[in-house]
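K.L.:
Taking the hints into account, I'd like the entire structure generated from these sequences.
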Amino acid sequence: MSLAAALSIEQRAGLMLFGAQEYSPADGITPAQKKYLSQSQVRNVNYAGPNNVEANVTWSNQM
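The opening position of the sequence shown corresponds to residue 27 in the numbering used here, with each subsequent residue numbered one higher.
Because the hints were derived from the structure by calculation, they are not lab data.
Be careful, since some hints might not be right.
Pair by pair, the computed Cβ-Cβ distance ranges are [as the list claims (entries may be wrong)]:
1. Leu33 x Asn78: 14 to 20 Å
2. Ala58 x Arg38: 34 to 40 Å
3. Glu36 x Asn82: 23 to 29 Å
4. Asp53 x Ala31: 37 to 43 Å
5. Gln37 x Ser86: 34 to 40 Å
Being a predicted model, the structure only gives us computed values, none of them experimental.
Beta carbons are placed, not taken as given, at the ideal position from N, Cα and C, and that holds for glycine.
P.N.:
Now the structure itself:
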């Protein structure tokens, strides 16, 4: 059985979700982001903005 067959449609969509427009890592994780991440099936967030390693790592750890 493939992984995709074992997942719901929402879980599969969460594997593919990409968005960088909603946050600035230096600002920390927002209440809206916390709510979204806790209620969605998202499994990965990629950031394609400026590479501030400390801010990016801090934000990722807050997730």
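K.L.:
Taking the hints in turn, state whether each one holds.
P.N.:
Outcome of the hint check:
At roughly 33 Å, the beta carbons of Leu33 and Asn78 sit outside the given window of 14 to 20 Å. Range check, Ala58 to Arg38: Cβ separation about 24 Å, and the 34 to 40 Å hint is violated. Look at Glu36 against Asn82: about 27 Å separates their beta carbons, and that is inside 23 to 29 Å. Hint check: Asp53 to Ala31, Cβ distance near 39 Å, so the stated range 37 to 43 Å holds.
The hint said 34 to 40 Å for the Cβ distance between Gln37 and Ser86, and at roughly 21 Å that hint is violated.
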